[in-house]
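Student: Here is how the chains run, residue by residue.
2 protein chains.
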Amino acid sequence: MPATLTPFFAARWSPRAFREDPLPLDQINTLFEAARRAPSCFNDQPWRFVYATRGPARARLLQTLAEANQIWAQRAPLLGIVFARKTFDATGKPNRWSEFDSGAAAMAIALQAHLLGIESHFMGGFDESAAATACAMDPKAWTAMAAFAIGKVGDPATLPEKLRERETGRSPRKPLAEVAHELTD
Amino acid sequence: MPATLTPFFAARWSPRAFREDPLPLDQINTLFEAARRAPSCFNDQPWRFVYATRGPARARLLQTLAEANQIWAQRAPLLGIVFARKTFDATGKPNRWSEFDSGAAAMAIALQAHLLGIESHFMGGFDESAAATACAMDPKAWTAMAAFAIGKVGDPATLPEKLRERETGRSPRKPLAEVAHELTD
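Residue numbers (my numbering), protein chains in the order written: chain A, 33 to 217; chain B, 33 to 217.
With the rest of the complex left out, here is chain A (with noise of 0.2 Å):
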């Protein structure tokens, strides 16, 4: 029988609509014990997760996500913020890998998430500054990556109608000729 994909690879996907039901604390440090396992240059885990699920903490994380972004996240019973350390830990030295590495650790999340029964939505739309500022990160040392949102899928209707509409599913993706080539010379 010919290899095929792994079904939560495709199956895994990006809502907006999120039940605001709280997280168990088990699933929560489960994402992160994914990511930790993650391969870095050097195995320098240049990664760090910082998240709030209630309160002020999160009120002020949720603030630091483009408008267009909390409309949605603000229902999202976790928000965090990856950031990615700029030197490697061990040298001092610029760290190239450091932002693939992240975002490497991040995958490892949004699998583990589907994985258990629950979905994630990674965004750019957020201020770096702010979210170093709300995560107590310093951003000459580290960079501010990516927000992120973790919860059960929830009901499009609880959206605005323009986001209800894309609410579909998987996005399209390019085809496999176009991201993988192989040399054949």
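Calculated from the structure, these hints are not laboratory results.
Don't take each hint at face value.
Pairs count within a copy or across copies, as identical chains cannot be separated in the list.
[Claimed, not checked] Calculated lysine to any residue pairs in the SDA-like style (CA-CA distance at most 25 Å, straight line):
#, residue 1, residue 2
1, K194, D76
2, K206, P56
3, K184, T38
4, K206, A173
5, K125, N101
6, K184, S46
7, K118, T175
8, K184, A49
9, K118, K206
10, K206, T175
11, K125, P171
12, K118, A209
13, K184, R51
14, K184, P204
15, K118, P171
16, K125, E160
17, K194, N101
18, K172, C73
19, K172, V211
20, K194, E99
21, K125, P204
22, K125, S161
23, K194, T123
24, K184, F74
25, K118, K172
Add chain B to chain A, keeping to what the hints say.
Tutor: Leaving out everything else, chain B in the frame of chain A:
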């Protein structure tokens, strides 16, 4: 029952000892299918994977690796380079999430490889400029992020002694509390 880590996140690793057996085409395509489904900012899919499995093309890719990597990677049946597009496809504007998103796509490959019974090893040690030339990718438009070797795990006895000693499996990880931090106030 509390949520626990889906085992393959911790079982995946980055070997240096590979078997030389060629990978079937369906396995290779499945790896890149997994990468294709990764999330990205504006769904831009800013990654490209260029690879070779044999002949002069494979030899040229091998030559772009740092010598310390060539020693072991020479046995892996698939060698490649992952590139991150510097600008958004849709707008031509700089894409600050390109490397992060490409890391997510690379992680999908690493996990899908493990789930197919093979493993991957991503490397920072390679010549960026030589890789762009070998892959016919414009270095003004694309950043060569990482090289990779993929194949079945081999016998550590095929490695030089120093590498053999390091071929002990999973590298240690920082404690969870160091990489994930909840804001509670």
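Student: Evaluate each hint against the coordinates.
Tutor: So, going through the hints one by one against the coordinates:
Only between protomers do K194 and D76 lie at most 25 Å apart by alpha-carbon distance; the minimum there is 21 Å, versus 42 Å within a single protomer. In this assembly of identical chains, the alpha carbons of K206 and P56 lie at most 25 Å apart only when taken from different copies (23 Å versus 36 Å within one copy). Within a single copy, K184 and T38 get their C-alpha atoms as close as 22 Å, and across copies as close as 18 Å, so both meet the 25 Å cut-off. Taking CA atoms no more than 25 Å apart as the test, K206 paired with A173 passes between copies only; the shortest distance there is 18 Å, against 35 Å inside one copy.
For a Cα distance limit of 25 Å, the shortest separation of K125 from N101 across copies, 21 Å, qualifies, whereas the shortest one inside one copy, 35 Å, does not. Taking identical chains as interchangeable, the C-alpha atoms of K184 and S46 lie at most 25 Å apart only when both belong to the same chain, with a minimum of 11 Å there against 32 Å between chains. In this homomeric assembly, K118 and T175 come within 25 Å of each other (Cα to Cα) both inside a single copy, at 7 Å, and across copies, at 17 Å. Only within a single protomer do K184 and A49 lie at most 25 Å apart by alpha-carbon distance; the minimum there is 9 Å, versus 41 Å between protomers.
Within a single copy, K118 and K206 get their C-alpha atoms only as close as 31 Å, which misses the 25 Å cut-off; across copies the closest is 17 Å, which meets it. In this homomeric assembly, K206 and T175 come within 25 Å of each other (Cα to Cα) only across copies, at 19 Å, whereas the closest approach inside a single copy is 29 Å. When the C-alpha separation of K125 and P171 is checked against a cutoff of 25 Å, the pair qualifies both within a copy, at 16 Å, and between copies, at 23 Å. Taking the shortest alpha-carbon separations for K118 and A209, only the inter-copy value of 20 Å comes in at or below 25 Å, while the best intra-copy value is 33 Å.
For the homomeric pair K184 and R51, the shortest alpha-carbon distance inside one copy (5 Å) is at most 25 Å, but the shortest distance between copies (42 Å) is not. In this homomeric assembly, K184 and P204 come within 25 Å of each other (Cα to Cα) only inside a single copy, at 22 Å, whereas the closest approach across copies is 31 Å. Within a single copy, K118 and P171 get their C-alpha atoms as close as 9 Å, and across copies as close as 22 Å, so both meet the 25 Å cut-off. Within a single copy, K125 and E160 get their C-alpha atoms as close as 23 Å, and across copies as close as 18 Å, so both meet the 25 Å cut-off.
Taking the closest pair of Cα atoms, K194 and N101 come within 25 Å of each other only inside a single copy of the chain (13 Å); across copies the shortest separation is 50 Å, beyond that limit. Taking the shortest alpha-carbon separations for K172 and C73, both the intra-copy value of 21 Å and the inter-copy value of 23 Å come in at or below 25 Å. In this homomeric assembly, K172 and V211 come within 25 Å of each other (Cα to Cα) only across copies, at 18 Å, whereas the closest approach inside a single copy is 34 Å. Taking identical chains as interchangeable, the C-alpha atoms of K194 and E99 lie at most 25 Å apart only when both belong to the same chain, with a minimum of 14 Å there against 54 Å between chains.
Taking the closest pair of Cα atoms, K125 and P204 come within 25 Å of each other only across two copies (21 Å); inside a single copy the shortest separation is 39 Å, beyond that limit. Proximity of K125 to S161 under the C-alpha cut-off of 25 Å is found in both arrangements, the shortest distances being 23 Å within a copy and 21 Å between copies. Within a single copy, K194 and T123 get their C-alpha atoms only as close as 48 Å, which misses the 25 Å cut-off; across copies the closest is 22 Å, which meets it. In this assembly of identical chains, the alpha carbons of K184 and F74 lie at most 25 Å apart only when taken from different copies (22 Å versus 35 Å within one copy).
Proximity of K118 and K172 under a CA criterion of 25 Å is satisfied in both settings, with 8 Å inside one chain copy and 22 Å between copies.
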